[in-house]
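K.L.:
Each chain, written out:
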Amino acid sequence: MHPRLTLAISVMEALALFAYAISGLIEARKRRLDAVGAFMVALATAFGGGTVRDVLLSRRPFYWVQHQEYVVVIFVMAIFAPMLLRMTTRLVDERMLLVADAIGLGLFSISGTSIALDAQMPAFTAVMMGVVTGVFGGVMRDVLCNEVPLILRDSRPYAVCAFAGCWMYLALERFDVDTIYNVLLSTAFILVARLVTFKLDIRLPH
Amino acid sequence: MHPRLTLAISVMEALALFAYAISGLIEARKRRLDAVGAFMVALATAFGGGTVRDVLLSRRPFYWVQHQEYVVVIFVMAIFAPMLLRMTTRLVDERMLLVADAIGLGLFSISGTSIALDAQMPAFTAVMMGVVTGVFGGVMRDVLCNEVPLILRDSRPYAVCAFAGCWMYLALERFDVDTIYNVLLSTAFILVARLVTFKLDIRLPH
Amino acid sequence: MHPRLTLAISVMEALALFAYAISGLIEARKRRLDAVGAFMVALATAFGGGTVRDVLLSRRPFYWVQHQEYVVVIFVMAIFAPMLLRMTTRLVDERMLLVADAIGLGLFSISGTSIALDAQMPAFTAVMMGVVTGVFGGVMRDVLCNEVPLILRDSRPYAVCAFAGCWMYLALERFDVDTIYNVLLSTAFILVARLVTFKLDIRLPH
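Residue numbers (this note's numbering), protein chains in the order written: chain A, 1 to 206; chain B, 1 to 206; chain C, 1 to 206.
Isolated chain A, as found in the complex (with noise of 0.2 Å):
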């Protein structure tokens, strides 16, 4: 793989990673959750897809065992997270919090695909673990703070764009696209999906 195109996703994961994190933290703030709640939650919500995955799949070991360098940054995140998140809103604005989540759920998705397929899954099931992958996290984050999930009522396409990124990266392997430019392809795909769906305001059926 072009040693560029590594880094580019490196860089990728670690800021979805850190998006997926700050939607536990602002959730646990929201919650009133202390310190350890925050920092649960928050773990929950960026590693809670991929082990989820992972667990069904006997796969080991987990993602968050190979990077602790995640987690310590996570827990560093979560000491501080008041100061953080009133630093976050200064200098992030929600649009910007919006993309990085969208990057996340475009490269857990696929990468998800990707690893069910090396898994000698079948099409269907490779799917619906990428899909696993990018959402569950948010799951776990709503069920600790006790709400029904939100990816399952805000009836804004969210699952659904992984979903057809998804199937599109099955079509463009059976293509025999290169896998690197499969996964930007469709990453891609799902995070401009998943922004224009939103802009504008497209709902599913309730």
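Any given hint could turn out to be false.
Here are some chain A residues pointing at chain B (derived, C-beta under 7 Å) [to be verified]: (1) Thr125; (2) Val148; (3) Leu152; (4) Arg153; (5) Ala159; (6) Leu204; (7) Pro205.
No lab work stands behind these hints: they were computed from the structure. Glycine residues also receive a C-beta, built at the ideal position from the N, C-alpha and C atoms.
On the provided structure of chain A, position chains B and C as indicated by the hints.
P.N.:
Just chains B and C, lined up with the frame of chain A:
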């Protein structure tokens, strides 16, 4: 095994899965979830129990990986949920859903126990695995919908029927009853126990 | 290992399991669950942490498969829960429950860390596994009872005590302290830390 019996069990299984999925769709409707929510809750209700059992027993592949056709059917059911539920309430009365659900409880519990026995689990654990298989889909449905799981509070014998039936299965197994008859007998026992205790409005201590 | 120490640890373990189970029964009572609900919540509280750890570490058999006698005892406790809880509140005052729970927190966290180290986990992961073992039973109890988990919000150092104690265990391990003394020392540290911070009403940042 006699092919007609195998067919009978497959038909009952399909019936039970759809009864569970429909109970998920009904709950999703009540909580005003969107189509994605309906799909996920229906999936969790139908496959949750068996999946938890398989994770606990380190057993693969999952039922829903081997039977993707059921996942696709539930997918379609979730998309047409509003229509489907209207049809269901018109064509099928509540008693039929109750019976189908009780068939599911029986069949899933007994198959769970039988699978746990094959995995060399001791007796009490095998029974617990059976009960988990039968009731955990409903627990996941209610947790996702942000409710205290119905089976933990409604004080009707539901898990208790499954529990008794699984012990019956173990006992008949000791007496060398042929597996297929044992499955049918024990499932029938749970089915009847559930319907009779429901009808007589028997309550657990509270 | 000295047989008397082994016995001491077994006794503490039993004490801790029942303290956890009783906290499950109390919560179940508050939420007006039936006997099935009381049993399941008590089981989840007592064995939830260790089970999640074992699933994450791909470790079998589970503790509750090897020690079915504890499951049976909790089963009986759940059936006689109303009587048991009345007796508990009469004979045992709240401080005793607090101490038993703190013993559980210490013992489960340290044993979790030690098991994770045996499974070749890196340091930070081993500590996290210890904390999960100690606190996740309570998280599952509260999620089943449809509450935001207490340890995420009560702002008293609970997980934090376990966290510190697990690091202490790791440090002593590096200094080649004999495992059994290390377990006792680190458990005692968590126990004391929990009781002292509770007594002094020390709070985490919120």
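K.L.:
Does the closest beta carbon of chain B sit nearer than 7 Å to the beta carbon of Ala159 of chain A?
P.N.:
holds, 5 Å
K.L.:
Min Cβ distance, Val148 of chain A to chain B: is it shorter than 7 Å?
P.N.:
OK, holds: Val148 of chain A within 7 Å of chain B, min 5 Å.
K.L.:
Does Leu204 of chain A meet its interface restraint, that is, does its C-beta lie within less than 7 Å of any C-beta in chain B?
P.N.:
holds, 5 Å
K.L.:
Per the CB criterion, is Leu152 of chain A less than 7 Å away from chain B?
P.N.:
Holds. Min distance 3 Å.
K.L.:
Given Pro205 of chain A as an interface hint, is the shortest Cβ-Cβ distance to chain B below 7 Å?
P.N.:
holds, 5 Å
K.L.:
Identify whether the interface hint at Arg153 of chain A stands, where standing means a beta carbon of chain B within less than 7 Å of its own.
P.N.:
With a closest approach of 5 Å, the Arg153 of chain A hint holds.
K.L.:
Holds or violated: is there a CB of chain B closer than 7 Å to the CB of Thr125 of chain A?
P.N.:
At about 5 Å, which falls below the 7 Å cut-off, the nearest Cβ of chain B leaves the hint on Thr125 of chain A intact, so it holds.
The structure shown violates none of the earlier numbered hints.
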